[in-house]
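Chains as they are written, first to last, in my numbering: chain R, 1 to 276; chain W, 1 to 297.
Since the hints were derived computationally from the structure, they do not count as laboratory data.
Since this is a predicted model, take the numbers as computed values, not measurements.
Yeah, the Cβ is synthetic: ideal placement off N, Cα and C, and Gly gets one too.
Hints should not be assumed to be uniformly reliable.
Some chain W residues flagged as far from chain R (calculated, every beta-carbon gap over 12 Å) [to be verified]:
#1 Asp-69
#2 Pro-88
#3 Arg-103
#4 Thr-149
#5 Pro-155
#6 Pro-210
#7 Lys-247
Here are the computed lysine-lysine pairs in the BS3-like style, where the Cα-Cα straight-line distance is at most 30 Å [as the list claims (entries may be wrong)]:
#8 W:Lys-263 with R:Lys-231
#9 R:Lys-162 with W:Lys-291
#10 R:Lys-208 with R:Lys-263
#11 W:Lys-187 with R:Lys-3
#12 W:Lys-247 with R:Lys-208
#13 W:Lys-108 with R:Lys-208
#14 R:Lys-3 with W:Lys-108
#15 W:Lys-203 with W:Lys-187
#16 W:Lys-81 with W:Lys-291
#17 W:Lys-203 with R:Lys-3
#18 R:Lys-231 with W:Lys-81
#19 R:Lys-73 with R:Lys-231
#20 W:Lys-108 with W:Lys-187
#21 W:Lys-263 with R:Lys-208
#22 R:Lys-263 with W:Lys-203
#23 W:Lys-263 with R:Lys-220
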Amino acid sequence: MTKHNRINSAIIHIILIVLSLTMLVPFLWMFLTSFKTIAESTQVDPFVVFPQRWNADAYTNVLNNMNFLLLYKNTILMIFFRIVCAVVTSSMAGYAFGRLKFRGAGFAFSLVLFQMMIPSQIFIIPQYQMISKLRLPNTTFALVFPGLVSAFGTFLMRQAYKVLPKDLEEAARLDGLSIGKTFVLVMAPLTKSCTIALSIFTAVFAYKELMWPMIVNTDKNSLVLASALAKMQGQYTSHYPELMAASLIACVPMIILYLVFQKQFVEGIATSGVKF
Amino acid sequence: MKRQDLRHTTERNVFFWGWVLILPTMVGLIILNIYPMIKTVYQSFCKTGDFGRGNIFIGTANYAKLFSDPEVWQATLNTFKYMVVEVPFSVIIALVLAVLLNRNMVGKSVYRTIFFLPMVAAPAAIAMVWRWLFNSQFGLINNMFHISTHWISDPAIAVYSIAIIGIWSDIGYNMILFLAGLQEVPKEYYEAASIDGTNGFQKFHYITVPMISPTIFFVLVTRIIAAMQVFDLIYMIMDRSNPALSKTQSLVYLFYQYSFVQKDFGYGSTIVVLLLLLIMVITVIQVFAQKKWVHYN
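Okay, chain R solo, but in the shape it has when bound:
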């Protein structure tokens, strides 16, 4: 490596390290604050960076006051059913749009594209009114409701089916398999990576959603992690060790999943950038 190149690469590393620290500091600060006492967290002269004694009081308080097991359960159920619904309906529609030529397909697909371009807030009031009329607020169904089908998923799965080779499908049809069986037994297993990408994408966005859960599930036993955090902020106002402890408890499982399945996460999100 030449001297010039070495200097270049050092500069690049310095830029990347500074930016990495900027990304990490909020998480570190969340972690450090959660182990401080309130007095320590609001001490400025001198300003306290590391807690003098690592105490887990904030965690005990938060765990006593909030039922995190229930919050996890509600969040996981919402994510699980949204994934199942999105994967099943989008695979079916994606296969039909990607591989079959039939009358009305063009128009039907234009509805899918149309939905993708409209800001989702436009649907929220009527969706809420439907849930309310069905007397279903504060249920898992209410949380899953807007995600029963997925226009984005349909678009994604259509791309996945479109690029599959013809011969397998033709062979299966010549063997006398119906279109339905060809889809389930032969074609669907070939879209595994795209299905995983769609699942991860669905999970991340469901986990991050705040407005919809806040609107439909207001009962304290039907909250999800995001809406529970929003609610507790009002109650704990300046008890930052508690707020940070709760934030960390809410974030850690997803972060661990991300660190373990990093490749799939990155691919899952990158596929959302598929070009039209």
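Position chain W against the provided structure of chain R, taking the given hints into account.
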């Protein structure tokens, strides 16, 4: 004759299966999206009765109110201010990072992991920790730099402070999309340019940007739409008593307040129709403008 019959049955068969397979999605889209959209537009011409019950058709009265409502204009301005800062910074920083990381280097995957981290954290948690970092008395930022900026309660800067959080949250996501776009640029282009003696900046300007301009366009369009819908951060950071609230609340925040706090679905619908129109206009402008700078092969 027989052959034609067979073709006819296959065609009918395909038609049958095609519709069976798309039926759940189509029914879902109609119930969850098409009907709600029509209803929202209809409700924007209605007055909502007490406790959110009943629609009384009142023509364009909501729109008349909207156009003379200073709160709505301020919220529109706030939304634009947020978007105009959040989108360019998060896109440019992400693009530079993607270019820096798109090579064989030590620690590449570690950097990528770190930049992407905010993407998997709940926005509610992100907002809380930033609120704490921004705290004017006890916050890390002010104490580290020995300043006393009122990041989130000074009406002049609060919306930009929130944009900083937005940038921080979105860099990793944009970067991943750019890295995916960069994979498609043939390496020979850079090799040829190196032989011609071009430097890094020239390569970036003459090869990278034009080659991944479709990705840049896609990221810009989607980021602008997302920024126009900013809500979570503002909802979590701005208390009702915050003096900067009126200078930071976005259109979606106002929509939420009217629709789900005051239960005025009529006016809430009118605000969200305004948002839809604004997003449509911006997107159409971008689609026309792309012809000048986006290169598709």
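These are the hints, each one checked on the structure:
With a closest Cβ-Cβ approach of about 18 Å to chain R, W:Asp-69 is found to remain outside the 12 Å limit, as its non-interface label requires. A cut-off of 12 Å between C-beta atoms confirms that W:Pro-88 is not in contact with chain R; the least separation is 17 Å. With a least CB separation of 9 Å from chain R, W:Arg-103 falls inside the 12 Å interface cut-off, contrary to its annotation. Consistency note on W:Thr-149: stated as away from chain R, and its beta-carbon is indeed over 12 Å from all of that chain's, at 15 Å minimum.
The claim that W:Pro-155 is not at the interface with chain R holds, since no C-beta of that chain comes within 12 Å of its own (minimum 21 Å). For W:Pro-210, the shortest C-beta to C-beta distance to chain R comes to about 16 Å, beyond the 12 Å cut-off, and the non-interface label holds. Consistency note on W:Lys-247: stated as away from chain R, and its beta-carbon is indeed over 12 Å from all of that chain's, at 21 Å minimum. Distance hint between W:Lys-263 and R:Lys-231 is fulfilled; the C-alpha atoms sit about 19 Å from each other, no more than 30 Å.
A threshold of 30 Å between alpha carbons decides the hint, and for R:Lys-162 with W:Lys-291 the separation of about 27 Å falls inside it, so the pair holds. A distance of roughly 20 Å separates the Cα atoms of R:Lys-208 and R:Lys-263; the hinted pair therefore holds under the 30 Å criterion. For the suggested pair W:Lys-187 and R:Lys-3, the alpha carbons sit about 24 Å apart, so the restraint of at most 30 Å is met. A C-alpha spacing of about 26 Å is found between W:Lys-247 and R:Lys-208, which places the hinted pair at or below 30 Å, so the restraint holds.
Between the alpha carbons of W:Lys-108 and R:Lys-208 the distance comes to roughly 27 Å, so the proposed pair stays at or under 30 Å and holds. Distance check on the hinted pair: R:Lys-3 and W:Lys-108 sit about 21 Å apart at the alpha-carbon level, within 30 Å; holds. For the proposed pair W:Lys-203 and W:Lys-187, the alpha carbon gap of about 12 Å is at most 30 Å, so the pair holds. Of the pairs offered as hints, the one joining W:Lys-81 and W:Lys-291 holds, with about 26 Å between alpha carbons and a cut-off of 30 Å not exceeded.
Restraint check for W:Lys-203 and R:Lys-3: the C-alpha separation of about 21 Å stays at or below 30 Å, so the hint holds. Taking the CA atoms of R:Lys-231 and W:Lys-81, the gap is near 28 Å; set against the 30 Å cutoff, the hint holds. With a C-alpha separation of about 18 Å, the suggested pairing of R:Lys-73 with R:Lys-231 holds against the 30 Å cut-off. For the hint linking W:Lys-108 to W:Lys-187, the alpha-carbon distance of about 18 Å falls within 30 Å, and the restraint holds.
As the CA atoms of W:Lys-263 and R:Lys-208 are separated by approximately 24 Å, the hinted pair is consistent with the 30 Å bound. Straight-line distance between C-alpha atoms of R:Lys-263 and W:Lys-203 comes to about 29 Å, which keeps the hinted pair within the 30 Å bound. Taking the CA atoms of W:Lys-263 and R:Lys-220, the gap is about 21 Å. The hint holds against a cut of 30 Å.
Taken one by one, the earlier hints fail for this structure only at number 3.
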